[in-house]
Structures are given as C-alpha cells and as structure tokens.
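Work the whole structure out from these sequences, hints included.
Protein sequences, first through last, are from chains A and B. Each step along the first sequence adds one to the number in my numbering, with nothing skipped, and position 160 is 160. Each step along the second sequence adds one to the number in my numbering, with nothing skipped, and position 190 is 498.
Just so you know, the hints here were simulated from the structure itself, not pulled from any lab data. Since the model is a prediction, treat every value here as computed from it, not as a measurement. Glycine is no exception: its CB is placed at the ideal position from the N, C-alpha and C atoms.
Here are the simulated distance ranges between beta carbons:
no.	chain 1	residue 1	chain 2	residue 2	range
1	A	ASP277	B	THR513	46 to 56 Å
2	A	ALA283	B	ASP557	26 to 36 Å
3	B	ARG448	A	MET271	46 to 56 Å
4	A	ALA184	B	PHE449	42 to 52 Å
5	B	ALA441	A	SER286	42 to 52 Å
6	A	GLY260	B	GLY374	50 to 60 Å
7	A	ARG210	B	ASP378	53 to 63 Å
8	A	LYS139	B	ARG452	34 to 44 Å
9	B	PRO314	A	GLU170	35 to 45 Å
10	A	ARG156	B	PRO504	45 to 55 Å
11	B	ALA429	A	THR291	37 to 47 Å
12	B	GLY374	A	ALA104	49 to 59 Å
Sample of chain A residues lacking proximity to chain B, with all beta carbon distances greater than 12 Å (derived):
no.	residue
13	ARG3
14	ALA104
15	PRO136
16	GLN187
17	SER205
18	ALA226
19	VAL229
20	MET235
21	HIS237
22	TRP264
23	ASP274
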Amino acid sequence: MGRTWSSMHDFEVFLHGGGMVEVDDDMPDEYRAAVFRFIELHANSELMGGLTERDWIPRTPGLRHKMAVLAKTQDEIGHGHLLYMVAADLGVKTRQEMLEDLFAGHSRFHNVFHYPARTWGDQVAICLLVDGAAVPSQKSVYKDCSYGPYKRILKRIIAEEGFHLRLGEERALRIAQGTDTQRAMFQQSIDDWWWPALRLFGPDSKPDDRLARWRLKSEKNEVMRAGWVQKFVPMLHSYGFTVPDPGLTHDPETDVWTCGPIDWGPLKKTMAMDGPDTARRIAEASAAWETTRWVRDALDAAPAGAVT
Amino acid sequence: MTPMTPGTAEFLLAFADDEHLMGQQHTEWIGIAPFLEEDMAFASIAQDELSHAALLYAIVTDKGQGGPPDDRAIDRLAFDRNADDYRSAQIVEVACTGWAHALVRHWLYDTAEELRWSLVARSELEPLRDTAARAAREERFHVRHADGLIDVLVRTPDSAGRLAGAVNDVLPLATGLFDPVAGEAEAVEAGVTSAPFDTLLPEWTDRVRARFPDIDIGAIAAPASAGRARRHEDFAALMARMNEVRSIDPTAIW
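As structure tokens, then:
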C-alpha cells in the first residue's frame, strides 16, 4: 500500500524535499492527471515520430544503413510502448484507450510530428534537429523527475536517444561532405525543419509553472532552446549550411548565438491538431489500426494462456 | 577445389537475394502492425534478415576471405543489378499488403529458411558456416514468433478464414523457394552446402501440413518452376522503392 498525504501542501512539501512518487501512492488527483497527460503526450509523440520516419525506411539508400534506421525507429516505437505502460498504470486510461484517442485525433503529440517528411534529407534532419531537441528536453525531465516509474524509463530512453542523435550527426556530416545534390536536398530540409524543431521546446516557461514546482521539469524552455541554438548553428555553419533565421545574432565576445523572433502561430496550429500533415498522419494511422482490428479481436477472444 | 567458385557465388547470391527482399518486405510493417509489440517484432526480424543478406553478399564480394565488410560493394550487389540478374524467389518479391498474408509469408519463409541454414551448417566455406550458426539461433525465434500468433488466430473463425485465404494465395509462390538455383550443384560438390535445397521440400511440406491441418495443401496448385529466373510482377515497383534515394544521385554516399 502506498503513501498518503493529507493535503496538497503536504504533498508539495514532500516533493520539495526530493521525495519520489510511486504508482501505488495515493497522489493528489491534480498531480496524477498532470503526470498522466505528460507521459501520454510523450508516448504519443514517440509513436507519431515513428510514423513520420516509417515512410522512408524501405527507401533507405544502403543495406546496413537500412538496418540502422530501422533499429532507430524500432527504438522510438519501443519507447512509446514502455511509456504507454507507465501511463496506463496511473489508471486514467488503458493503453488501448490512449491509442484510440490518438487515432481519433482527440489527444496531442509534439508539433514536429505534424509535418511531413518529404525527402530523405528530411529523414536525416529529423534525426539531427528533432532528436537533438528531444535529448535535452528528456534529460531535463529525468534530472529531477518526481515520478519514479517515469524517471526509470527515461534513463533508458535517453541512452537510446543519444545513439539516435549520433546517427543523425554522422549522416549529416556524410551529406555535408557529399555531392551538390545531397547538399541542396539537406539545405532544404534544414530550411523546413529548423523552426519546427526549435519550437519543440515551447514558449518561454512561466514563473509559476506547475510542472516545474512538481518536479516534472527541471529546466526552463528558453534555456534549453538557447542551448540547442548554440549547438546547431555553429555545427551547420561549419558544414557549410545556412540557418533560415534572418534575426539570428552572434555575440563575438561570448561566442553565443541567439535566435531571432519566434513565430508561435505554427505551434498553436499543431496544438489545435491543424498542422501541415496532421490530418493525413492521423487518417493513415487510424486506417491501419482499423484494418488490423481483426487480429486484436481474435487475440482478445482467445482463452487466457493461449497466447504464447 | 576452393569452395569459392563462380557457381558458389551464384548459389550464395540466390540466398542473399531472398534474405534481402524478405527483410525489405518486413520493413513495411513498422508502425502499422496490429499492435506495438508486432511493430517491433517485424522490425527486429527484418533487421535479422537484412543482416543475413549483408553477410551473404559480403562473402560474395570478398570471395570468402573475410575482413571488414565493404558496404559499397555489398550495396552494388544488393541494389544495382538488372532485374534479370536477381535470383530471388517470387514469394519475397510479391507485395503482401494485408497482415494475414504478411504473417503467413513470414511463417512459410522462415520455416523454409530454418531448413536452408541447416544445409550449410557444416559448410566448407568458413564465413558461411559462421553465418549459419548465428542465423540458426535467430531463425528459431522467427518461427516461434509466427507460430505463437498463428496458434491463436486459427481458433477464431474470422481470423482462421483470413489465414486460410492467405495460405491459398502465398503457398504457390513459397514452393518456388525450393527451385534449383544456378551453381547449386557446384556448391554441393565443393562442400559449400550439404545437399540441394529441394531435398528438404518434403520436410517443409510436412511442416506446412502440420501447421495448417484444415487446409488441403495438395489442392493448391504450384506454378511451373520459374527457376528463379522470372521476376514477379511486383518486383519492378519493389526495386523502384528500394532505389528511390540511391537513384537521385548515383555518385552519392549517404
């Protein structure tokens, strides 16, 4: 039997003291709902990320290269799988309910997966810029995460995302050293994915952010975003690519790059399930889910123990 | 006689092409399989098959000498040959867009593949012997995976009917796996493989009958042997998809 707290105040004192919440604890409803929404969003995003990448896997230019990208997307789906289990244990929705809400367009996923991967360059840009944003975001959650089951799963996810990011960096470098055709393709992908990836961090954190108070986040969005800009601007410049930000500035004293004004309109549209590829992505996922319903129905109808 | 003769290379290419295209077909299921565990299972099996293909192509490219794999040489064999030069069986070329067909193909192919590796387990060609030892371990899991699902799906009339329909469609193409391939006799003589693959066709057929006892296997006509020289009508689209990025710039390294 888990622990109980007599009030939200007592619970927050527990959190501020570094306490870790476990699934069988009698946590306040608001905390349970917030943790659930956070993990469900993460799980949905891992799965939708896999769906964004999947189209290009059969077209991967190289046999062993294909094994690497397949393993990468398998990891992403696997992260979704683990996260759905952690979320389901909170007792708010079952895994099936979460998936059906996602495929019905009733629950959210990260902004970047509302965009289409139009070229192979996009596939590599996702692996570089999006995974490059996901890693610091996830690390900031992991660092001081108050919900034990999520923190333990994040440790594995972050380790695997680190490999993905290296895969993205290696491939971007090969393209940078490649032909004019390759470089032109990748420049277009940077132009298309730079801003969506940057907006993944979200607007500046509010001073009274409840998720920070409850230790689901340990870093402000703007700090992580600035770190991402500082990492990728010099990298892409050194590869001979440009960054599509006319307001980008560089302080020669500190060698710090700062992005120009950010248009949050596209982020709002994706949050309203109205991104450039939202409808197609959800319709395809939903159609696949329906087409294979007979398999799940047959497994559900099997007597216990029949599935080996 | 050195085991690595031109006939042996032909024999290995047929095996590699099957593994390559089977793995390729499995990659299509990630993200749209019936449930998340299946997304991952098909992806995992696809990686194993692609890996077997890469190892087999590597034996051809380095003439069995071993050493670090030359990815560009492997890819030239895997992607750049003319359609007529492939030696794949039609079961790995056909597009299976329904999951029942994909599952049945997976079972039929892996049951045959498990037998196929057993023939080269004591090959005179050392890298092939090493690859066979690894593949045999993996294949047990592949067949078990398919068996676990089929065990349950045959119990429900709707799903059993879908599987039966898929067996009817896919089985005739699966028998083509046992068509003799160029170089096989030479490979047998050189000790690369212990016997022609079609000597195991009766064993495979027995396993198919045991797996699908309610289906009249004998009534499903196999087409005349194509000798692995004729490509399935889906092959051109498959190759176009595989080569879409490579064909953008043939000089590029990705």
